[in-house]
Structures are given as C-alpha cells and as structure tokens.
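Colleague: Hints given; two lone chains; assemble the complex.
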Amino acid sequence: MTVTLFIPCFVDSLYPRVGISMVRILERLGHRVECPEDIACCGQPAFNSGYWDESRLIAGPVLEKLKNKEAVVIASGSCGAMLKVFYPQMFHGLPQEADANVLSKKVWEFSDFLVAKLGVTDLGAKFPAKVTFHDGCHGLRELGIKKSPRRLLEKVQGIELIEMADAETCCGFGGTFAAKFPMISTAMGEVKCTSAAETSADYIVSNDSSCLMHIQGLLSRQGKPLKTIHLAEILAQQ
Amino acid sequence: MSASSQARDFSAKARVITRDLRHRGLIQTALKKYEVARGRKASAFNDWQSARQAAAETKWDAINHLDTYLEELVAKLEARGTKVHWASTATQAREIILGIIKSKNARCIIKSKAMTAEEIHLNDAMEKQGYEVVESDLGEYIVQLRHEPPYHIVFPAMHLTRDDISDLFQRELGSAPTREPEELTMIARRALRKKYLAADIGITGANFAIAETGMISITENEGNARLTAALPKTMISLLGIEKVLPKMEDLALFLPMLATAGAGQAITCYNTMYGGPRQPGESDGPEEYHVVLLDNRRTELLADPEQRDALHCIRCGACLNVCPIFRNVGGHTYGTTYSGPIGSVITPHLRGLQDWKHLSASSSLCGACTETCPVKIDLHHHLLHNRRNASVEKPSSLERFAYKMFAFVANRPGLWQFSKEIARLLQPLHPLVKGTALDPAKSWTATRELAPVADESFKEWWRNRR
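Keeping their order, the protein sequence lines are chains A and B. So for the first sequence, the numbering used here puts the first residue at 568; every next one is plus one. So for the second sequence, the numbering used here puts the first residue at 657; every next one is plus one.
If you are wondering where the hints come from, they were derived from the structure by calculation, not from laboratory data. Misleading hints may appear alongside valid ones.
[What the hints assert, rightly or not] Where chain A lies over chain B, by a calculated footprint (3+ residues, C-beta under 8 Å):
(1) 670-683
(2) 851-861
(3) 977-984
(4) 1017-1023
(5) 1052-1059
(6) 1094-1106
(7) 1109-1118
[What the hints assert, rightly or not] Derived DSBU-like pairs: lysine-lysine, alpha-carbon spacing no greater than 30 Å straight-line:
(8) B:1050 - A:714
(9) A:747 - B:1076
(10) B:689 - B:1032
(11) A:747 - B:1050
(12) B:1076 - B:1090
No experiment lies behind these values; they were computed from the predicted model shown. For glycine and all other residues, C-beta sits at the position ideal for the given N, C-alpha and C.
Chain B on its own, in the form it takes in the complex (with noise of 0.2 Å):
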C-alpha cells in the first residue's frame, strides 16, 4: 500500500506524540474540564436533545438552499454598501485579500481569529509581500509568536502551559517571567494595544451569516474581534459560504449552542453583529467593509449528498474535544488545518482524498464525534463513506486481494477450519519471532499481548457437543 507523504507524516508525528505522557496529561486533563462545564452548560437547556435537532433542521435547510440565501445574503450586505467578494479558491480569496491591502497602501493588518484564514495560509502570503500581521486573539497570538498554526480550531495555545506561554513572552517580548494568567494576559494585551492602532485594515472570520438581515455575527471571548473591527478603515471579513443561517433568530439557538458545545459557557461574552461599514451619521466603525466568500471545494461537499451534511458544521470543536484519537494524538500531527473528526471528514474533501484518506483510516469509529455534534453532523459513518470511497477510487491491489483471499477461506467452512488449525499449530512457534521483522502480527505485538487460540473452539465444542 503506498502511503502519501501526508499520511507517512501523520504516522511518524503519532509515533512521537502518542509516547509523550505531557502532552497526554495535559490535554486529558483540559478537555476533562471541558467535558464537565459543557454538561453542566448543556443541562440548562430545556432539552439539549431537541435543541441539536432544532440546529440540525435549521442548517439542513441553510446548507439545502444555499443558493439562495447567500443571494439575499449578498443583496443585503451590498445594499448597505459592504462589498462582496466571490473566492471560488484559495489563491483566489489571498489575491482579493492583498488586493484590498494594496489599493489601500497598508502596511500594519491586525486580525482576530478565523480558521478560514488559516485554510487558505493568508497570514504567510500577507507576510511575504512584507505586510505585518498581528493576530489578536490571546491563544492565535501565542501560537503566531511561536510560528506555529493553532492546535485546535477553538483553542489555539490549549497544549501550552503558563510556564510555557512565559517562556515564550519572556524570549518574544522582553518581559518578566510570571505564572499568573492575568498577568499574561495584561502582557500581551499591552502588546496588542499598540497594534490595533496602527494597524490599517483589520481581517475577522465570522462565525454565522444572516441571510435574512445582511449581517456577519462574530462571536468571541476576549473583545479583540470587536476591536480589530472597530478600529482600522478598512475590515475585511473572510468566509466560508456554509456559514450562512437563514434568519436572525436562529442566532437566539445557535449562539448559545456554539458558546456550550465550543467551550462549555452559557454564552461567549462579546456577541456582535456587523451590518456594513460606517453609515452616515454614525460616528463609528470602518470606512470600507469587505465580505469575501469562500468556495474552496465546499460545493464538491455540496454535491454530495452523503456526506454534505459535514457542511452544518459550526466549528465548535465539540468533535475534537471528545475525540479519543485526538486527545492522543493532539491537534498538530494531523499536519492540516482541520483536525478531529470533522477533519477526517473534510479535509479529504478539501485537499484531495488519496492524499488525506489516511485521516479517515485513523479512527476507531467509536462514534463519540457524532454523538457529541450540536448539529448532528453524521461523522464517524463519513469516515466509513471516505474510506469506502478511497479504496473504490483507487484500491490497494494488496488490501483487496486479502479480503478476498479471507472472503474465500471464511466462506468454505473445511478451509476455514484448517486455516484454525493452522494457526493452533504455529502459536508455539510464536515466541520465536515475537517482536521480529518476521513476526506476522507485529503491529500488535510491539505493545500488546496476542490472546491464545484456545484448544478447543467454540465450533468443536459444539460439534463434540451433539
């Protein structure tokens, strides 16, 4: 079977991490607390259940009739002089981005969280035309200090310590080693003052689209998305066209739910709506507002009808913080910008399935992701549907000439009994190549004991039986 270089990279990162006892505490015990205050967050709703349902309903009618609400969208948001950008790629939506930024002569660009942002690598293309950019957000900016992407799509720093962030402050920014979170909070946010004001265009991402209103609802905890807005001339909002909900109270289900299943709080603290750039008469807010629309294969997820309900997603996290895969192996070996779950899912849809089936083939299918989903997303049978894909695409000669072979031995029982027999027979000799190159069962052996084959079977006790 040849693997991709992705998939042989995800297995070497997993080889490292999996053994790292650190990483594992740290990341079993933060999601731990996250588990905790999400239930208890959860159980305030009067029925989480019916209210996952209700979500569910809403974006399969968002995501059904996508057309038409990003029109009125559109027709909206321009009517109040935002102006809208179609990016049907990648490179397209960077080209519009530094396009804005050049006609604009900016030289600082402050930015607030957007994972869009980092599936189109916006900050490096903005870096190498010699453009600064700051990220605002606490955990984006640590991780932009320490040039790595976020860990995770909602908490970006969550495998760093205060010792950790410490560290890096001290060595980034000149201060005085402190392990008192307000403390680095202040140090970074003195940091962050100075460029929010001289920054000439703020970039946000955007948590949902209102069809109904024309309006971008951006929802965080720290009031850095506010003030990348608010400040700068120029905003310029990137993203994905499934973020659309058809109308304004769907908000009144969906901020709730994002804030519980994201982060396990009630509700996020700074909850804004952005409409468009300043109106006249109102003495606040950009000169230029900018709304580009991202593609970037999510129509291809449209188009099929399987597995398009991966567009419902909210970008929660929820997936990620109940996998067990990812809690193992942590967001970074997935070496793509989506990871967990919904990553499996996607991102062979995003990037190229032989590339990234591997994702998909890395899972136990214990269904906690789907189970978890505030908008029932049907996750862990996706991957099932990505790997029957693959192998139907382009089968590995060797892995189906092996189901075959087992197909034919299962299904003549004289045969499969011998082949019982057989393996009764080499157990003894077992020992001899355990752990070897020439141990069959390897893979399991390195860390695992194999069950013996037991002298008599269930079949032969059955048949001795009658």
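Same shape as in the complex, but just chain A (with noise of 0.2 Å):
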C-alpha cells in the first residue's frame, strides 16, 4: 500500500527521529512511503484558538493535497485527531464538507495504523529499559486509541512497561493553552511528571511527540534524570 506521511511541524523540527523512524518501519513492512514536502502544519493552533477562518487557510489545501491518498498516517493522535474529527466539524455546511468526510476515513495515527489497519503488532524491536505509557488526549479521547500502542510496546524485547497511576491524566501542554495560561500547564505538567517518576520507569513513552515536547520541557528544566521517547523511536530500534 502507499502509505502517505502526514509529519506535523514540531515532529518535522524537532523530532525528525519520530518521522525517520515511521519510514523506516513501514518500508520493512514493504509499503511505498510518501510525503508531501509542501505540507507544514494542520492548522489546530488557530482552530483550537477559534479562529476557525485563518485555520482553513491552511486545512483547505492540506485537505486538496490529501483527499485522494489511500492512507495518511501521523505520528501525533493530536493533528490526527484534527484531520479525522475536526476538519469535516469545520468544513461543516461548505464545499469540502464531503472531501473532509473522506479524508477522515483514511486518516490513521501511527500505532493504530501498524495494529487496526495492517495487523501488525510484532516489528522485531528491541528497547532494553523500563517505560511508562502516557496516553496523549487526542488520541486517546477524540482518537479512541488506548490498546494499540500498549500492545506493540509488549512486543519489543527487553523492554518493561510499567503503566503509571493517571496514564490518562492530561500533561498540560494543550497547544497555545502552553503559552496563554503557562501557570496551569506547568502545574498539570508536573502532576504528570510525578506520576511517571513514581514507576522509577526510564522512559516515558507516547504516540505524541507535542505531550513529550511539553513533558521533557519540564524534566530538563527540572535536572530529572527520566527521558522521553516517541513511540515509533522505540519501534524502530533493532
């Protein structure tokens, strides 16, 4: 199958490594990857901000690039959440109303793509450390995704995962909420941080590289010895 990347800015940025590695398993997996140069963003920042106009700008040429690709996968539950639930809410009552109903069948985010779409759980990975699953919003509540992951985290040799108490507990980055209300992020940053230490795991693990930019913010800041790690990165390690 052609597999069409969907890389959001800050994984294009800043963790190319999650983009790297998402090519890397689905080439072995013998599926032609893509990916369009000329897509940067999926619009969220300005539509979780309700500015709903200057996000279609953006939205409406991601959707004409995108609508005829058999599957768009993204490393994020969070811009995948925003191309399958709110583009066809956005696009609601206009023109490419029908367009963003299509796209959104045909969106996938990573982990569940490899389980739901291709069966795959087992990729030959190996991780020697302890982990712990932080279950990133979007994916988790708007996505339905929980299992996924988990289950290609308990293929990977070597590795121990440890589930922390309020997996399901919002890291606090929340996008532009990061920067509008810092206080409150940091807060529930920080309530987040201190469960994952608790399972004196190594690594806290994600599907979404915003919660862990957001995460890892704090533990540096902090001089905390845990690290995070994308799930895909882990994935690929052989």
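Modeller: Here it is as structure tokens:
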C-alpha cells in the first residue's frame, strides 16, 4: 500500500527521528512511503483558538493535497484528530465537507495504523529499558486509541512497561493553552511527571511528540533523569 | 488582546494557587479517593455506559420539550396548592423571594444547599435587607462562616482540612479544638438545630422536578434539607428550569446516577419528594410552599442547538472532579458560581461571552470531562465552540493577524523552509534573552526548556535521501 505521511510541524523541526523511524518501519513492512513536502501544518493552533477561518486557510490546501490518498498516517494523536475529527466539523456546511469526510476515513494515527489497519504488533524491535506510557488526550479520547500502542510495546524485546497512575491524565500541553496559561499548564505537567517518576521508569513513552515536548521541557528544567521518547523511535530500534 | 477584568483576576489567582503545593496535595488526594469510590459504584451498574446513554436521552427529551414539561409540572404543583413563580432574571428571582419573606414578616431563614441561590446571590440580598440566613448543609455552613462562596458545587468545603474547620469553629462558635470529624459535625449540629427551630422560612434548591407528578426531588446526605423543608411554616424551592424530568420513574436512574457520579455513592442518604404544602388531614409540612423557576439566560442556551445539551447538566460535579485544570486551580479561581468544565461552558452563556471567554480558553481540551459526564454533555467541544463564537463576535486583531501570517507562511514551502532556517540560526542566541522580557518564548521558558531545533529537519532528511 502507498502510505502518505503527514509530518506535523514540530516533528519536522524538533523530532525528525520520529518521522525517520516511521519511514523505516513502514518500508521494512513493504509499503511505499511518500511525504508531501509542501504540507507544513494541520491548522490546529488557529482552530483551537477559535479562529476557524484562519485555520481553514491552512486546512483547505491540506485537504486538497490529501483527499485522494490511500492512507494518511500521522505520528500524533493530536494532529490526527484534527484531520480525522475536526476537519469534518470545521468544513461542515461548506463545499469541502464531502472531501473532509472522505479524508477522515483514511487518516490514521501511527500506532493504530500498524495494529488496527495493518494487523502488525511485532516489529522485531529491541529496547531494553523500563518505560511508562502516557496517553495523549486527543489520541485517547478523540480517536479512541488506548490498546494499540500498548500491544506494540508488549512485543518489544527487553522492554518493561510499568503503567503510571493517571496515565490518562492530561500532561498540560494543550497547544496554545501552554503559552496562554503557562502556570496551569506547568502545574498539570508537574503532576504528570510525578506520576511517571513514581513508576521508576527510565522513559516516558507516548504516541504524541507534542505531549513529550511539554513533559521533556519540564524534566530538563528540573534536571530529572527521566527521559521521553516517541513510540515510533522505540519500534524502529533493532 | 484586551482581557476582561474577570480574565485578569482568573490568571492572577491561578498564578498563585498553582504554586500552592499544600492546596495541590489536598485536592489531588481528595479527588483520588472520589475516583476510587466512584469507579467502584459505577461498576455496580449493569452497564454504566448504557446508563449514561439512557440518561442523556431522557434529558434530551426533557430539554427539547421543556415548554410542555414545565407547563405540566406547574399545573400539577398548583393543583396541590403550591404557588409557582417564574423568574426571568436573577433580580426577579431575588425580588420574588424577598417579597415572600416580607409578606410573612419573617426574621430568620434557614437554607439547604442550592447552587441556584449562589447563582443569584440570594444570601447577600437577604442579609442586606437585615434577615438572618443560615446555611444548614455542613459544608455550606462552614464556607458561610468563612464568608466565602462554595469551593465546589457538590463539596463546598473540600479545600479545608479538619484543622482548618476546628480553628474556624473555635473562632466563630467558641467550641473546643478537635480533629474528630464526628465531634466537628456535632458542634455544627448543635448550632444548627436552634436555627431550624427559630426559622420562619426554609429555602431549598432542587435536584430534579418531576413533570408527571408535579414534585420536587431533593437528594442529600445530612437530613438538613428535610429539616429545612419540614420545620418552618413557609418553604421556598428555587430551581433552574432545566431541572425537569418527564416521569417519576426517571428517578430510578437519575438518583443512583447522580449519587454515583457526584460522590461515589450507590445512593444518596436522603431522597425526598415535595409535592406541595401541608394538605388537609396531614400532620406536618409547611403551610405554604413556593416554587421559583429560574431562567436567568437558560432559554438563550436552549436556543443554541449546538450547545443546548449543556442544559442536561444534573450538577453532579463529576466533570470538576476529573478536570486537571480544576484540580490545579481549584474552585475559587474561576470567580463564578459554576466552576470546572461545566462552568467554563455555561458561564460565558449565563454571564457574557466576552467577559468570561477566558474560562473556555483555559483548557487543554483533554476531554476527561466529556468522557465522565453521566448525561453525555459534549463539554470540551463546547469549549471550542465558545472560543469560536468569541472570536467571531469580537476577534482579537493581533491574534487574527498572527494566524493569517502563519497560514501565509505555512502555505508557501519556500517561505516555511526559510523561517525554519531563521529559527535554527537564531537558536544559539536564545540563551542571551532566555527568561527576560525580550524572550519571545517567555511564557514557555519560565518553567520549561525549549526543545532544540534539529540540525536536519525531517523534510531535509527526506529530500537528501532521494
């Protein structure tokens, strides 16, 4: 199958290894991978701030470029939810509504694509470390993804998954929320880091780099030894 | 962006309380206990998710046919001698209640818990007229003694420890210090019993109003609402018009559901139906019963098909309990009667979108509220709707310009690549301004490190690879 990668802006600039890992995994599974280089962002910041017209300035061209693809795969539940759940809402009643609905059915979050669409759980990955998994809220509640990333982690050799209390509690990132209400966002992140640290894991793993950017930002500032890593990076380790 | 005074107040309070680790510990601990209890009781339902669906459908019916159910309710209430009053606004509701109090030459008023009374600032209005008002719910009594509003719609004093309460009682009631909850309760009970006997009027809220039978359902754990209703000669119930349920049998679902979602109880201790004043031949009950039905902009919410389901709310407080924002900022920071996710959804409707839109903005949109809501209100998506409505009604020109510029750059790959290179070039200079007023990422870097821009972006890797 031809898999079209949607690379979120922060993955492109800050976490290229996540995208590279996805390419390696999908190609190893025998799929043709493509990545439209002229897509920069899904338009979520403007959408979440209430500026739907401005969000559609970005979303419209994205929709146009992706609507005829076979499968669009995203290493972020948040950007995934934007394309899958919020594009149809944002284009409701507009000429692009039908396209948005068509695209919605073809958009996959990466871990769910592997498990639910491709039926793959064992990628032959090795990662000898103790990890705990953070459920990104958009992946969990907008896309309903809970089991797929765990099924993939279970098959990783040498890994020990220790669930934290409140794995489903938000890390406090929330996009522009983190900048508009940094005090609340930070407090939420501190609670998250405490829960994760209580597991004595070496890594916090998630299927969303945006959450990890926030969590790692706090951990680095506080000088904590706990590290963050995206699920795709673990799955690509041989 | 011009922030309302309410928005500035919210941020100022949030800045202080999010650093208060004592507060954080207290609230997290209390709500963890709730979570455990609630999970246990929800699993006692055959199927909690089906129960939520059934409850949502019943409320959908009630709210979408509110006109007919309200008429039915009122006709049945009046048939048994209850005087029903319609209050369009908070002012009207206060005037109606003050009018009843005056006509009875009342002096002392006893109240059971009613968030609608908080909403219309009833106690203030009564006290200003010289009446003595006493809250009879233990938590409400405690916060009343502290001259503060309830912290949470179900647990008004959850922000206080036993020591805080003991200190308060020593100061206000002259009691001896104690850390025993039973003793603290007895201290309040001794003070309150006298008030019931002295009260001329009892004011209650309502949990549900049953159209079919014309009855007001009140559910409580302390028996204080029963005493409030039974002892004074005049009883007044103040309730929002959205409290209506079509049938008596609906309570078979809603009472256990409210108890479970609200407090992690199988059923609340006392569940009472009030059908009217004392009837001929009855030995107790008030001589007069007044029901005040409050609109206070609920009909405006009703007119909004997108967010009408916010009127499904049964005020269980479950969305507050699971909300990581509420858990960190606490109830008082919101500065309004209804806090947490439901408050952030409805307050902009009830009190003005531009003044209160910050409550809808101050959310990470995690959706824990929507997931837990027993009547399936689409809470976190309504926060998005409020944000959209606020920006359509009165856009911030700066923010709109920023998003337009962002779109302009994002839609031009060459320009986007150029801006990425600029960011990479400027990054080594960032430490020079980091944390200062010149730092463009100051709101992030005050507490968090910025992730470094990679030497080679994904797209660069992708191009180089081919």
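Colleague: Evaluate each hint against the coordinates.
Modeller: Hint-by-hint comparison with the structure:
no. : hint            : result
1   : 670-683         : holds (count 5)
2   : 851-861         : violated (count 0)
3   : 977-984         : holds (count 4)
4   : 1017-1023       : holds (count 7)
5   : 1052-1059       : holds (count 3)
6   : 1094-1106       : holds (count 7)
7   : 1109-1118       : holds (count 9)
8   : B:1050 - A:714  : violated, 42 Å
9   : A:747 - B:1076  : holds, 23 Å
10  : B:689 - B:1032  : holds, 23 Å
11  : A:747 - B:1050  : holds, 18 Å
12  : B:1076 - B:1090 : holds, 19 Å
When the structure is compared with the earlier hints, violations turn up for hints 2 and 8 and for no others.
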